[in-house]
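**Student:** Chain residues, written in single-letter form:
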Amino acid sequence: MSWLQRLLSRKQLESDLDKELRFHFETQVADKIRSGIPENEARRLARLEFGGIDQIKENCRERRGTLWFESFLQDVGYGLRQLRKAPGFTFTAVLTLALGIGANATIFTLVNAVLLRNLPVVDPKSLVRLGDRADCCQNSGPKSDGSYSMFSTQTYEQLKRTTPEFEELAAMQAGFENRAVVVRRDGSQEAAKPRMGEFISGNYFGMFGLQPAKGRLISDSDDVAGATPVAAMSFATWKNVYGENDSVVGATFWMNTKPVTVIGVAPEGFYGDRMSSTPPDFYLPIATMPDEMGGKGMRDPTQNWLDLIGRVKPGVAVVPLQQKLSAELKRIYAPDPHFSAADIAKVHLVLTAGGAGTQSMQENYASNLKLLMWIAGLVLMIACANIANLLLVRGMQRKAEMSVRTALGAMRTRIVRQLLTESLLLAGIGGLAALAVSYGGARMLLMLAFPGDQHLPISSRPSIEVLGFAVCVALITGVLFGVAPSFIGAKAPPADALRNGTRATAGGASLLQRGLVVLQAALSVVLLVGAGLFSQSLGKLQHTEMKLESKNRYILHINAQAAGYKDEQVNALYRTLEERFHEIPGVVKVGVSTFTPMEGNDDGYGVHLVGQPGIQTSATNIIVNAEYFDSVGTHVLMGRGITAHDTATSPHVAVVNEDFVKALFKPGESPIGHRFSAGDEPAQPYEIVGVVEGTSYTDVRRNGKRPMYFGPLTQPSEAGYAGAIVVETSHPMSDMESTARRTLMEINSNLAIQKFETFDAQIASRFTHERMLSTLMKLFGGLALLLATVGLYGVTSYTVARRTSEIGIRMALGADRTGVVAMILRSALLQTLFGLVIGIPVAFYGVTLVKSQLYELTTVSSDALLMAVAMLLAAACVAGVIPARGAASVDPVRALRSE
Amino acid sequence: MKTENRFDLPQGTLDLLIMRVVALAPIHGYAIAQRIQQMSREALQVQQGSLYPALHRLEYKKLLVAKWQPTETGREAKYYELTARGRAYLKDETENWKRLTDVVGLILKGTVEGIS
Chain A
1 MSWLQRLLSR
11 KQLESDLDKE
21 LRFHFETQVA
31 DKIRSGIPEN
41 EARRLARLEF
51 GGIDQIKENC
61 RERRGTLWFE
71 SFLQDVGYGL
81 RQLRKAPGFT
91 FTAVLTLALG
101 IGANATIFTL
111 VNAVLLRNLP
121 VVDPKSLVRL
131 GDRADCCQNS
141 GPKSDGSYSM
151 FSTQTYEQLK
161 RTTPEFEELA
171 AMQAGFENRA
181 VVVRRDGSQE
191 AAKPRMGEFI
201 SGNYFGMFGL
211 QPAKGRLISD
221 SDDVAGATPV
231 AAMSFATWKN
241 VYGENDSVVG
251 ATFWMNTKPV
261 TVIGVAPEGF
271 YGDRMSSTPP
281 DFYLPIATMP
291 DEMGGKGMRD
301 PTQNWLDLIG
311 RVKPGVAVVP
321 LQQKLSAELK
331 RIYAPDPHFS
341 AADIAKVHLV
351 LTAGGAGTQS
361 MQENYASNLK
371 LLMWIAGLVL
381 MIACANIANL
391 LLVRGMQRKA
401 EMSVRTALGA
411 MRTRIVRQLL
421 TESLLLAGIG
431 GLAALAVSYG
441 GARMLLMLAF
451 PGDQHLPISS
461 RPSIEVLGFA
471 VCVALITGVL
481 FGVAPSFIGA
491 KAPPADALRN
501 GTRATAGGAS
511 LLQRGLVVLQ
521 AALSVVLLVG
531 AGLFSQSLGK
541 LQHTEMKLES
551 KNRYILHINA
561 QAAGYKDEQV
571 NALYRTLEER
581 FHEIPGVVKV
591 GVSTFTPMEG
601 NDDGYGVHLV
611 GQPGIQTSAT
621 NIIVNAEYFD
631 SVGTHVLMGR
641 GITAHDTATS
651 PHVAVVNEDF
661 VKALFKPGES
671 PIGHRFSAGD
681 EPAQPYEIVG
691 VVEGTSYTDV
701 RRNGKRPMYF
711 GPLTQPSEAG
721 YAGAIVVETS
731 HPMSDMESTA
741 RRTLMEINSN
751 LAIQKFETFD
761 AQIASRFTHE
771 RMLSTLMKLF
781 GGLALLLATV
791 GLYGVTSYTV
801 ARRTSEIGIR
811 MALGADRTGV
821 VAMILRSALL
831 QTLFGLVIGI
841 PVAFYGVTLV
851 KSQLYELTTV
861 SSDALLMAVA
871 MLLAAACVAG
881 VIPARGAASV
891 DPVRALRSE
Chain B
1001 MKTENRFDLP
1011 QGTLDLLIMR
1021 VVALAPIHGY
1031 AIAQRIQQMS
1041 REALQVQQGS
1051 LYPALHRLEY
1061 KKLLVAKWQP
1071 TETGREAKYY
1081 ELTARGRAYL
1091 KDETENWKRL
1101 TDVVGLILKG
1111 TVEGIS
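Protein chains in written order, with this note's numbering: chain A, 1 to 899; chain B, 1001 to 1116.
Note that these hints are calculated values from the structure, not bench results.
Just so we're clear, the structure is a prediction, and the values are computed from it rather than from any experiment.
Note that CB positions come from ideal geometry on N, CA and C, so glycine has one too.
Where hints are given, some of them may not hold.
What the hints assert, rightly or not - Derived, one-sided and incomplete: chain A residues facing chain B with beta-carbon distance under 8 Å: (1) 9; (2) 12; (3) 14; (4) 15; (5) 16; (6) 21; (7) 23; (8) 27; (9) 50; (10) 51; (11) 60; (12) 63; (13) 64; (14) 66; (15) 838.
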């Protein structure tokens, strides 16, 4: 009979045992009667000889080996009954655990997904990345620190040739986020849509060890000049856009007006070589990259645009490989005239783990996520303090019960085990609730961090790790705070405890309980101050003067190059765009430019004044049409703006911003009429004809520090084609997007809207990061406050309950209600004040650690501090007044009689 | 009661005695106790409190197997008998026991001063 059978056939075994022992007893009696003893006497003797029948039974039961499990089941059943009996306690405890652990599991879900997860590829540990920075998207020339992370096509090919240490060395486009391709399936009636396309080397999929989900993946033979243009589709795109339709494989797609054959679908779950909110929809081989997608620049040996990841052969050591690659890189850069001897001496390359791909998102979010982890940890501490307090109170309340049980003969270990089971049960239920919280929390967090239709390859479903994490935290909390009260409960000598029972008059909550409340108050004040600071920081950022007008402005982006326009055609396109958009009723101004304010792009070029090569700076170049400055609300401060008279044949002019003037001219000196050159080549210099305000273009943190110059759309410049259209209307127009789409279709059916946003939305999206932090801090601060209030309330009401008879005596002796309320409230507020005394210095210290994530705040502001203190005190009053009023309404006679 | 004649049985010996008695024929618990008492010439009196847990343990270890059978008086009793495994176990353990007692006997043979 196996253990399980013994467990299941318990009833049968019990009756057998009883029958067997009774048979023994009866036979014994019968023997005695036979030997001449009277029956009554025989029975008495037999009973004496036999000993305690229940003791024997218990010993026999133990031999089954199932007893512990049975008593465990018993404990669970009993524990559940106990929890049901105290719904208030159970609810508070489960809620506290759910919120505390749930908050942690939420953050851990993201940390795990963003920071810890490897790419879903074969053996990610043997992958290395060349370089340690996630640069975007294209650059050239020497780096000041000599460390290179992006490479040109030629450099890639050379490195690949000279390093047999790699099984495969693959290249992929860096920062493809900005390079949407416009895609239309051949034969379909739908408009062309922007999709993410990433250019990769032919061995990319082979290097990662990936198998196609359908068709085949790109191989080396596809990545040679003159090969038929092909593309592999991502699984997510195949599923979400094309409904897993098999006919996609082999179909022709028009990408930036060029025919491309889709040869297969990448495996499910593969989201490219980096974590990104815009994972690639299509993978395209580098060698067939057409000029329309920037192919000309990519074939330029000085243009770095590739990230390199390789799979090293087994046994290859990293350090020598890194030295070899650095030396090779030096050799490659040595003949380049842009590199001085000093630059060459500094050239080196750092190998980093490539298992997680290029970690640009990790770089962006690491500090935020770490901060959030700390915050969530603090919340968990507060939650644990609450649980500890609740269990302590409960343990003491049940002292009498335990004493009765001990007096009745229950073993101490059995009592401890029972209490432990109960707290584990509580932790288990809390843990389950926490999983639900973390699922919802992670969804909310992802929505906060990546609003709109971004496709971050992160699932909010808790992973095995998160599950384990939540269970572990729950168990530790349960055991830690279950054991202490159970020992207190079991230790009490039953007689003493029974004698005192509930009649204690002195003492209320223990020092430990009060200490926990003080700790909670201190931690909450830290979190509240933090929440205040982060929302202040966000407010400051958003209310920074950006020197623009966003009311009734809409911004849309197109890609003329992708629609097949050539250099000689774009000027006509710009004119048509201006005309057609002006024809829309309600449109006031139409601005056309390369970038718009608060869009985030930033193309910097070295500029210097003509004839004064020593005076130089790095400045952003934007080309604009005549109405652009009005359309975005930038005011002309001096001279003139760009006008319709600035044409391809008129003098080469530029309007510069205030920061440009500040960087290159002496105070008071007029820049009008001065000339400057930009870029490496001795191109045609610009004549400054006007100065405009320093409108914010990338980040308000850089206000006043970003020199910019604006050239006319129609004159040659460093910038590419203009792709941004700003439409100012006289009144809000909710149908602007469809109107714009129609207008563009009428001009050219290949002109797709790549992005449409109101100006306000574009500005708001620049603060997503900060808004997320601020919202989360507020959430966590509120959570902390709630938990601390519950904790304080619990301890205060416990004190009141313990002191009921004392209060009764006081009132019988003439104390009035206000006096009683004041007495109870005083002790509650005293604990809060202690918490403030500890918490405020901690908050000051904490701010020094997160300073870098705050805007224009270096220490605790008085507003945030006052707010936090006021909120905590208010919460403390609420938590104190309710039990205090209860105490004051005690009827002295009943209180005394209840003893 | 012959408490002065009772031995404290060394660990595991009771199992051996029970199995030896069971080896003769299928037998119920009461008879096992009687039999051990008789065979030891009243020197050993097995208490129910030790007998039944031991029987059950041996049963769960699959050294004994039990079935319910009527006795001569017509009552149902739980009869134990050895399994093949129990028989082999008894044989091994009996030999071990004999070797052990021989060895211990060798050493304790003769009288030592101070011990009578």
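**Student:** Each hint should be assessed against the structure and marked as holding or not.
**Tutor:** Evaluated hints:
1. 9: 13 Å, violated
2. 12: Where the cut-off is 8 Å and the nearest Cβ of chain B is about 11 Å from residue 12/A, the hint is violated.
3. 14: Given a least distance of 12 Å, the restraint on residue 14/A is violated.
4. 15: 11 Å, violated
5. 16: 7 Å, holds
6. 21: This hint holds: residue 21/A lies near chain B, its Cβ roughly 7 Å from the closest one there, short of 8 Å.
7. 23: 5 Å, holds
8. 27: 5 Å, holds
9. 50: Residue 50/A check passes; min Cβ-Cβ to chain B is 6 Å, inside 8 Å.
10. 51: This hint holds: residue 51/A lies near chain B, its Cβ roughly 5 Å from the closest one there, short of 8 Å.
11. 60: 5 Å, holds
12. 63: 4 Å, holds
13. 64: 7 Å, holds
14. 66: This hint is violated: residue 66/A lies away from chain B, its Cβ roughly 10 Å from the closest one there, beyond 8 Å.
15. 838: 59 Å, violated
Hint compliance for this structure: hints 1, 2, 3, 4, 14 and 15 are broken, all remaining hints hold.
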